Amino acid sequence: MNLRRASWLALAIPLTVALAACSSSSSSSSSSTPATSAPATSASAQASTSSSAAAGGGLKTGLNVYVIPKQLGQAYFTTSDSANSGGAIAALQALGETGSETSGTAATPAAQIPAIQAAISKGANALIVSATDPTALCPTLESAMKRGITVVTYDSDAPTCRSLFINQAATQAIGASEVDILAKELNDTGQIAIVSAAASATNQNAWIGYMKQELKKYPKMSLVSTVYGNDDATVSTQVTQGLLQQYPNLKGIISPTTVGIAAAAAVLDTPKYRGKVLLTGLGTPDSMKKFVSDGTVKEFELWNPADLGYLAGYAAVELASGKITGAQGQTFTAGKLGSFTIGADNTVLLGPPFVFNASNIGKFDF
Amino acid sequence: MSNVAELLRGAMSRAARWETGLAVVVVAVIIAGAQTSPQFLTGNNMFNLGLSNGEIAIMVLPMTLIVISGEIDLSVASILGMASALLGVLWSHGWPMPAIFVVVAIVGLAAGAVNGLLVTRLGLPSLAVTIGTLALYRGIATILLGPNTVANFPATYTDLGVNGVPGTGDNMTYSTLIFLVLAIIFGVVLHATPFGRSIFAMGASADAARFAGIRVKRIKTILFMLSGLVCSLAGVLYTFRLNTAVQNNGLGLELDVVAIVLLAGVSIFGGKGTMIGVVLAVLAFAGLQNALLLTNFNQEATGIVTGALLLASVFVPNAARWLRYLPQKFRPRKVRSPDIHPQEI
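First to last, the sequence lines map onto chains A and B.
Heads up: the first sequence begins at 2 in the working numbering, then just goes up one per residue.
Heads up: the second sequence begins at 750 in the working numbering, then just goes up one per residue.
Don't take every hint at face value.
[Unchecked claim] Calculated lysine to any residue pairs in the SDA-like style (CA-CA distance at most 25 Å, straight line):
| id | chain 1 | residue 1 | chain 2 | residue 2 |
| --- | --- | --- | --- | --- |
| 1 | A | Lys147 | B | Leu909 |
| 2 | A | Lys299 | A | Thr271 |
| 3 | B | Lys1021 | B | Tyr923 |
| 4 | A | Lys147 | B | Thr942 |
| 5 | A | Lys147 | B | Tyr923 |
What the hints contain is simulated information worked out from the structure, not anything from laboratory work.
These figures come from a predicted structure and were not determined experimentally.
Work out the full structure: start from the sequences and follow the hints.
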């Protein structure tokens, strides 16, 4: 028995040694060709061979850039990211980079983080992320930055763990203007409610905060409830129906999310509620055309998500090429969108929100 | 004595053949992976491979022992989820992290003890018991956290989840290190101690083991408790890796764990299996998943790997027998006519 035990130990010891050797060899192999810089060096080699690229702004080409929205398959992010709509990947392709979109199929950190880790695995040079949660993503994004990967957030920020945030519209302007739109339609009077996305979503909560501030200007208006539809059409429909039953005197709803506003509009699109419970918020023209034409919704807002992605694409390449660092006051040019200046908190602002109504909605298609 | 030695040698050579096959598979996966993507053999990718498979690999170890003893534990991923939810709840209530670890470990042990006692003392089949606790423990996780997400864990701990072990060039995750250390410990215990041999004995025949004086019920209960403890550790690692405690953490991972154990050549009927096979199976599984990932295969569809490996590892050992019986099915009917085999009537 002692013999057998000894033989097993004899087996176990070389195994440990072999494993240690494995780990040391893998680290040595990586020190000779650092994994994160390997694609970068090949990219810079490419850039140096084509001197025209270097002359044209000095941006690196051949970078691997991953666009990671909150969730795949949502029309808003498809528009902001895809090459066809002129979004982030269109910008990346125009600059000679490889752009790919990846994420989870649910808008949760538990689904998004593995996608980020997979992108790092695939040798990403830059990540363009819409954060499902401001804190949950941080350790993963920080570890990416430690590996030399550029991290840019767009649409929804993770403030402490990125170089730059591409803000779609001033947070304050969106929150306040939606309350103003509703106040104008309601003659400054009545109960209102908010149909939001996930309770943890950074952008939603920031807008709601400014809505509450703006509401102080309208003493006859009161916010009775904020409900969460989790950017899921079914859940958003259910919580909207719940609101209408719980508050029979409800006069208006603000839904600052494209999924929520479309679901709420569908609920209100009956003779019982049309024109009696007013709705505004953030929506895409395509999903709202029907409700604007039949009078369920008079006005709603949005920015152009394709422009947002396009700007994020340029910003990520500028950062990854070392042309900018994300510090306040630096400027860069984003193709057709012109020149942008980095503002406070390492943020770039796309522009003011755009108001859609019956007179202009026909011109848009996204 | 010589009989036992011969039996052992027979078992070793039988196992050796399976493991040789596995080693060939691992090499094939590495070559195929390196062919399909230049990223495959980079330290960066190895790190993320370890990151995304670490918890699964760790849970495979106690599962191996349980399956060899002739039982199964399908509640592993739910214990992981429960540990994660508990960690989140206690942290959001301001508990200090060391105290949380103690509570999580105790709850993991208790969850395993419930499995073990139901199986051994009430004599219930472990398949049914652990399907029950699979739902039960996940339900407890849901009650603990509800729809909430806890994500504000301190960086000291989340660094363990996403950063490398110092001195490995940031290429080896803590979960990989833990897996390797535990694999050696589990391997020595399984193959070089009386405890390990009694696990094989009861897997081969629980009655024979009991007659031989092995405390079958007690050892099985210990194995389930060990599984609970290790799975709660995996739950802590999982939570720190994603910096997220949410009730559905690790949902469905039990299938991957069982698939790896079977791929390792561990008999689902108990009594057979080696730790080296398990390590090779983990490498083959993780390598295959990772290679598919790098080829931009739909990430949500990598369950195909789990399913295919599971089926292959059940089918291949039986393939030889199946092939031998195959011609019989196509033999002309008259062969079985009463004239030739009158005794069959």
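Does Tyr923/B sit within 25 Å of Lys1021/B, going by the straight-line distance between their CA atoms? violated (30 Å)
Can you confirm whether the C-alpha distance between Lys147/A and Thr942/B stays at or below 25 Å? Outside the cut-off at roughly 44 Å; violated.
Below or equal to 25 Å on CA atoms is what counts here, so check Lys299/A against Thr271/A. holds (15 Å)
Proposed proximity, Tyr923/B with Lys147/A (alpha carbon, max 25 Å): holds (17 Å)
Given the proposed pairing of Lys147/A with Leu909/B, does the C-alpha separation stay at or below 25 Å? Holds: Lys147/A and Leu909/B sit about 14 Å apart, inside 25 Å.
The structure fails to meet hints 3, 4 from the earlier list, while all remaining hints are met.
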